[in-house]
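**Q** Protein chains in written order, with my numbering: chain A, 1 to 230; chain B, 1 to 79; chain C, 1 to 79; chain D, 1 to 734.
Calculated from the structure, these hints are not laboratory results. Wrong hints could be hidden among the right ones.
With a straight-line Cα cutoff of 35 angstroms, these simulated DSBU-like cross-link-like pairs (lysine-lysine) come out [claimed, not checked]:
hint: 1; chain 1: B; residue 1: Lys40; chain 2: C; residue 2: Lys53
hint: 2; chain 1: A; residue 1: Lys109; chain 2: B; residue 2: Lys53
hint: 3; chain 1: D; residue 1: Lys358; chain 2: B; residue 2: Lys2
hint: 4; chain 1: D; residue 1: Lys142; chain 2: C; residue 2: Lys64
hint: 5; chain 1: D; residue 1: Lys622; chain 2: A; residue 2: Lys2
hint: 6; chain 1: B; residue 1: Lys40; chain 2: B; residue 2: Lys2
hint: 7; chain 1: D; residue 1: Lys706; chain 2: A; residue 2: Lys132
hint: 8; chain 1: C; residue 1: Lys64; chain 2: A; residue 2: Lys113
hint: 9; chain 1: D; residue 1: Lys557; chain 2: D; residue 2: Lys61
hint: 10; chain 1: C; residue 1: Lys53; chain 2: C; residue 2: Lys40
hint: 11; chain 1: A; residue 1: Lys113; chain 2: D; residue 2: Lys727
hint: 12; chain 1: B; residue 1: Lys2; chain 2: C; residue 2: Lys55
hint: 13; chain 1: A; residue 1: Lys109; chain 2: D; residue 2: Lys706
hint: 14; chain 1: B; residue 1: Lys19; chain 2: C; residue 2: Lys55
hint: 15; chain 1: B; residue 1: Lys10; chain 2: C; residue 2: Lys2
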Amino acid sequence: MKSAVLMFPASNCDRDMVVALTKITGTKPEIIWHNDSTIPDVDLIALPGGFSFGDYLRAGAMAARSPAVKAVIEHANRGGKLIGICNGFQVLTETGLLPGALMRNASLKFICKDALLKVENNQTSFTNAYAKDQLITVPAAHHDGNYFADEKVLGQLEDNDQVIFRYVDDQGRATDTANLNGSRHNIAGIMNRQGNVLGMMPHPERHIEDVQGGTDGLAFFESIINSLNS
Amino acid sequence: MKARIYVTLKNGVLDPQGKAIQHALVALGFDGVDDVRQGKFIELELRETDSVKAKANVEEMCKKLLSNPVIENYSIHIE
Amino acid sequence: MKARIYVTLKNGVLDPQGKAIQHALVALGFDGVDDVRQGKFIELELRETDSVKAKANVEEMCKKLLSNPVIENYSIHIE
Amino acid sequence: MTWNNNVEITGALVKEHGLSDDESALIYEILGRAPTLTELGIFSVMWSEHCSYKSSKLHLKTLPTTGDHVIHGPGENAGVIDIGDGQAAIFKMESHNHPSYIEPYQGAATGVGGILRDVFTMGARPVANMNALRFGEASHPKTRHLLSGVVEGIGGYGNCVGVPTVGGETNFHSSYNGNILVNAMTVGLADQDKIFLSAASGIGNPVVYVGSKTGRDGIHGATMASAEFTEESEDKRPTVQVGDPFTEKLLIEACLELMSTDMIVAIQDMGAAGLTSSSVEMASGGGVGFDFNLDMVPQREEGMTPYEMMLSESQERMLIILKPGREADAKKIFDKWDLDFAVIGIITDTGKLTLSFKGEIVADIPTQPLADNSPEYDRPWVQPVPKDELLTSGVAAPDDYNEALLKMIGSEHLCSRSWIWQQYDSQVMADTIQMPGGDAAVVRVHGTDKALAISTDCSPRYCFADPVTGGMHAVVETYRNISAVGAEPLAITDCLNFGNPERPEIMGQFVGCIQGMKKACEVLEYPVVSGNVSLYNETNGTGIHPTPAIGGVGLLKDSSKMVTISPQAEGEVIMLIGETKGHLGASIYIDVMEGREEGAPPAIDLELEKKHGEFVRSQIDKSNIAACHDVSDGGLIIALSEMAMTSGLGMNLRFNNQKVPMHAYVFGEDQGRYIISVKPENADMLKAAAKDANVVIENLGTVTGKNFIVAGLVDLSVEKIKECHGKWMSDYMA
Ligand SMILES: Nc1ncnc2c1ncn2[C@@H]1O[C@H](COP(=O)(O)OP(=O)(O)O)[C@@H](O)[C@H]1O
Ligand SMILES: [Mg+2]
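This is chain A alone, in the form it adopts within the complex (with noise of 0.2 angstroms):
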């Protein structure tokens, strides 16, 4: 698998994105930079963790108007496989590729903490290597994760089956005190329709060595890998 990583100023999961993918795919991925117009042809892009311009104004809004997101959405509208990653899933939205908004966390606090979640697709490019209402753990680690739709956007993301993955608790209910930042619906991640572009705030690269707390989050990629060869 090809993969590239689209860099922004402040990005700064940028290299644990490098460091999973390559130990994944076994080849290093490309590096785009936010002010390159032409990008590399990859069976991925991903785009990264961190403070792209330092969230000011919104999360994700200035890097979502970038040269190199252009770019990228065309690689979208080719069919091309797209995952973005807590401020890439914010910069995702900002483009209008996934729908929504990504607002302050209820607690109006920055949270780190390791996100129960449940697989709720496991029929997905992204997901293929879970088991269907698998329950992973994944470090969560953000400020602005309040996922918002208005009620018929939800309707249809529920009725699509585009919710990915929810936050839940040992049990796997969607319960309030589950739902780490008071997004609607619980919701952690989500797909578009066509299937090829993914946002979640949970980091699983930061979840594929033991020594890291655990190891859910492989599968993640390898699902990518999956729905590459097949």
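Chain A is already provided as a structure; the job is to place chains B, C and D with the ligands on it using the hints.
**A** Then chains B, C and D with the ligands, alone, in the frame of chain A:
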């Protein structure tokens, strides 16, 4: 000239910051506050001297960057 | 009645957000933007009906909570 | 007001600048004439306590600063130690106390920014942040607001720059009601052959300013940090600096990119006293002069005067000496990262700092005397007398140990700090292998099997009761915390926070703590490689508790050997290393249960600490230990219940204590102790090994079930203890 832009959350969008402020006000003993909404206030110093043109230009800025139509409304004052 | 509060950074206080927004506007091709400052805009729904009393009350809220006197100024509009 | 550089330098003006008559006379002597206003400003900040260490220098010199691992000790921007394979760990701790009291968010944020710059200016990529915080008592009306702002500020800055904040410590005490302490530490990694120093050289080389523009921020910040607080100074508002972590992140990346080339001769961050101290340090360090054209300084505000430019403490700025002719290449890097880049001067052979502004020379000062002839005081001090030993017989036993345990663990002193650390990204960079909540934080050395263990510690109540023992204790506590994860303690940094040094008893506390630190560092072979002093932490004549915060760094050669405080499985055997004598003086127990702060702190046997540390480390290295936790605040039972809470597993324990009253055994804070959890099949071997090493060890029980049970004393569900432990701070901050 100066442009003042007020960016507010749309009706129906929950405003955790506003809610927290209302809470804190009550805790401080201020009663009679029925609702609080927090938005952004952006001031631009523009080189443009024609207020109609300025307004059109700022409108464009709001659409392209300064507000997120999924959750926000904006209004513009030029002076 | 409604109170609108505009909280702005004092003169001379660095405004990293404003700076970044200005940069982004320029990058998007908007020229002629000399300066950008970002502040807060807070709307209160008050039960009070006397505008003088409301103003005094809101003034107190600004001092105690809504603004940070070390780096911010505020202004109040009652309607 | 028009600006006049040549105003008459009156006595009042000199005083306003915090300079004494003697100091003023020295200025005239150095210059051979009256200073200009700009020069007066420069002298005043350079000779402030904060920059000159005039009260502390004499005593700091006594600390051990060398050792096999030390590459650069104090004197550089940060300390540098050898961690093998040509790599180095670079670290330092610094205070941002006064600014954080005035504006907690920005004060704490800029504190983090400042310490990060001290570390990356030496060529290191910052890999971990720590924070040591002291707040006033919980009932003080300001505490909540300060705690909330400080934590948010630390998180706001550290999270954005993408450096994990991996641990710290937090105390509450009334002595900090008007003077909170915010000490921040950064640890970075570099290759030993890529370490950058600040001494300037090369006559004619360009001096380059990079980073943010200069505004009027924090003018006189350094002198503010050197003056006692009065109620009035809370109004000194516009001097607060605002941090821009976004720019800092770009600055880190741009500087590291520049450092990967061969263009740099020397580099220095602009910290306290901004352009002044950075340029004076660089020039005097290299024995050269600087010729600056201040018109070239990137300015954020209009009409800035030379005085303001030289004293501004605007954040996120660096000064770099480039090799000649490399300006354009270097500028390309800063352009890419959207940062200001300006050649503001050149190196001269005059030995002077010469500043011109709009064609006029506004300052012309020989840098050597400005840097080195700064006053050095031998302030009068009295050797502190330790408080009397507290007799255990005068301390009541609890009626109910269940309740006592819950009361202790649910107090502000011992409760979980998770409300704090959850606001910090502790995992960014994906190398954090031990998160906050344990004894030491552990971060991997990226791409290797090695890891660094880091801990910050100090028990101000011990230092208050007996500065010498307290100073020793702070060092020893980091040593134990680092040993407890299996790492070898290598070196420390310190942040010495004290009251007004002009009072002999405060100066005595300072000297006493240093005496204790010195002894501990010597015996443990654990040198001081960097540090910071913050004096005048005093409001209306009341000083803080002496607080020599220590930041220790250790090395784990094989990170897979690391242990945590969490027992791994049921059936493991719990053992206690070290002797329990039941020392209750200056303990958390008498504070929480009886509201007293009396007695001498527990004695410290440094040789024993060393022996126990070595024993624990060697057993961890042999993978004979499943979990380990040192015994500190709150004593044995607190340490045991912390282990139970982290694992979620219960314990069935029995205390075979015949010698001392049970409550003293349970809550006493005797030093040199560790609790280990050992697989049953390893238990006998471990005991034998302890015997061989002449280490006192005893069996306390086993890991089992869901309840925390001490026969005849305590029977509580681990869930219940956890709930109590987790509640205080989140309730307090709700
Ligand atoms: N301000 C803070 N920021 C981050 N972590 C903290 C802070 N205060 C305490 N902690 C963490 O809480 C845990 C307990 O702290 P402490 O009781 O000081 O540990 P110890 O007694 O082992 O030195 C440690 O893991 C420490 O890193
Ligand atoms: Mg400990």
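**Q** Decide, hint by hint, whether the structure agrees.
**A** Hints, verified against the model:
| no. | hint | verdict |
| --- | --- | --- |
| 1 | B:Lys40 - C:Lys53 | holds, 26 angstroms |
| 2 | A:Lys109 - B:Lys53 | violated, 40 angstroms |
| 3 | D:Lys358 - B:Lys2 | holds, 32 angstroms |
| 4 | D:Lys142 - C:Lys64 | holds, 13 angstroms |
| 5 | D:Lys622 - A:Lys2 | violated, 42 angstroms |
| 6 | B:Lys40 - B:Lys2 | holds, 16 angstroms |
| 7 | D:Lys706 - A:Lys132 | holds, 31 angstroms |
| 8 | C:Lys64 - A:Lys113 | holds, 33 angstroms |
| 9 | D:Lys557 - D:Lys61 | holds, 32 angstroms |
| 10 | C:Lys53 - C:Lys40 | holds, 23 angstroms |
| 11 | A:Lys113 - D:Lys727 | holds, 17 angstroms |
| 12 | B:Lys2 - C:Lys55 | holds, 26 angstroms |
| 13 | A:Lys109 - D:Lys706 | holds, 33 angstroms |
| 14 | B:Lys19 - C:Lys55 | holds, 21 angstroms |
| 15 | B:Lys10 - C:Lys2 | holds, 17 angstroms |
Hints 2 and 5 from the list above are not met by this structure, while the remaining hints are.
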